Amino acid sequence: MTTVRIPPTLRQDAGGERDVTAGGSTVREVLADVGERYPALRERIFESGNIASFVNVYVGGEDIRTQDGLDTPVAEGSTVILLPAMAGGALAPLATLRVPVTRAEPVSGAASTR
Amino acid sequence: MSGNTVPSGDAPPAGRQESEGGPASSLLDLVGNTPLVELKRLSPKPSVRLYAKLEGQNPSGSIKDRIAKAMVETAEASGELEPGRELLEPTSGNTGISLAMVARLKGYGLTCVMPANATPERRRLLQLMGASIVESPADEGTNGSVQLAVRMADEDPRYFMPFQYANEANVQAHYDGTGAEIVHELDRVDVLVAGLGTGGTLMGAGARVREAFPDAVIAAAEPLPGDPVIGLRSLEDGYVPPILDVSRLDRKVLVTNAESVAGVRVLLEREAIFAGVSSGAVVHAALRLAEELDEGVVVCVLADGGWKYLSAPFWGAEDVESAMENSIWW
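Protein chains in written order, with this note's numbering: chain F, 1 to 114; chain D, 1 to 330.
Bound conformation, chain F alone (with noise of 0.2 angstroms):
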C-alpha cells in the first residue's frame, strides 16, 4: 500500500484525513483508488482528466511534473504528497488579479532545449 498525505485545504474532502492508504502501482491508480473514496478530492485534484495546474503531486520527493506524469511509478511502502501549488514567499491568488506582466522576447535557445 501507498500512504497519500492530504493538505490541510483538501483534508475536508477527505475525510478530515492527514494521511490515507491507497493502492496502485502509478499515480494515476493510487489516485483513483483514493477518489473512489473521496469523489470530492478527486473533483478538486483533477482537471480534465490531469492533476490541476494548482495542485502539485509528489513521489519519492519529486514532483511528478518533472518524472512520468500520471503514469510515474509508485513503489510499495512509498508516499505520494499533495500539495497546492506554491511560489516562494508569494502565495497570493494571483491567478484572479490584474497583475502586470512584463513581457519581453524569450531567452534565446530556452525553448529548445528540452
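Simulated from the structure, these hints should not be mistaken for laboratory data. Model, not experiment: these values are computed from the prediction. Certain hints may be false.
[Unchecked claim] Some, not all, of what chain D presents toward chain F, calculated at C-beta under 7 angstroms:
#: 1; residue: Leu36
#: 2; residue: Val37
#: 3; residue: Asp227
#: 4; residue: Leu249
#: 5; residue: Lys252
#: 6; residue: Val253
#: 7; residue: Leu254
Note that CB positions come from ideal geometry on N, CA and C, so glycine has one too.
Let chain F serve as the given structure and place chain D on it in line with the hints.
For chain D alone, coordinates are given in the frame of chain F:
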C-alpha cells in the same frame, strides 16, 4: 534580447570584472560576478566536483540584487520608469532589500507592502534603507500584501511595481549574469541546482547553462511548507509564477525545513560557508543528485548568507520542523 545575450567562449560576463583594476563607481557596478568555490569537503565522491556560487556576496547580501537592478534598469530603458515615480513591491524579504539599495542609489522612492506580522528585523532594515512600509492585514498573509500592492498601483499612477514573479527581466538577469558567469568559469556542468521561488534563477541560468552544456540537468530545490502555512491557503490560492515554466526543469526536489537546516549546518561544518535556509535546501538536493552520478560537475546556487536568520528559532531546537512550521522561510 538575442542581440545582448552573452557570447559563449572567452568573453567575461559584464559586471564586476569590468571594474577590476580600480574602484567601482557605484555599488550597482558590484552586482553579480559572485565567487564560485569548489566544495571539496562536501562532495560525496572524488569523481564528482561540487561547486557553490556565493550569491550572498552581492552588495546587499543576496541574489536578488541581480534582479532588482535588472528590473529597474529594463523599465528605465523602455521609458516605463521615469524620475519622480516610486517603486512599489509586495515583499518583506531579500527582494525588498535589493530594491531599496537600487532605489536609493538611483533616487527613487520605494514602498514595500508586507503583512503586519512581518519580523521586526526585516521592517527595520528596509526602513533604514529608506523604504516606506505599508502594512497589509496579518491574517491575509502575503496574499493580502500582493492584493493591496496591486490595488495601490492601480489607483496611483505614481507607483511602478516591478513584480518579480511576472517580470521577464528577472529571468534575463540570470541568463546574462548568473548563468553566463557559471559557464564562463567551468568547462563542464552536469547538474545545476537552485532554489525555486519565482523561478527566475532556474529559468534564466538554466537556459544559459543548457546552451553551453546541452545535457545539463536543471534541478529545483523546493520547500515543503509546514501544515500551518499550507493551511492558510485554499487550493484556489495556488500560484504558479508566470515566468516559471516547469517543463524546462529536469528535476524538482521537495526539501523539508529540517533537511534545509541540516544543509545549512553541513555547509558551515564542512566548508565554513554561512548560508541561508534556501541554500541549505539547495545543498541537500545537490548532494542527493550527486549521489546518482558516477562522475561530473554539480553547481549549487546559494542565494544568500545566514545572517538574517540568526534570530530564527531553529538553531537550538530539538524538533526543527515544529520550530519552523509556522513560517515561510524562502
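Structure-inconsistent hints, enumerated in ascending order: Checked against the structure, the hints that fail are numbers 1 and 2, while the rest are satisfied.
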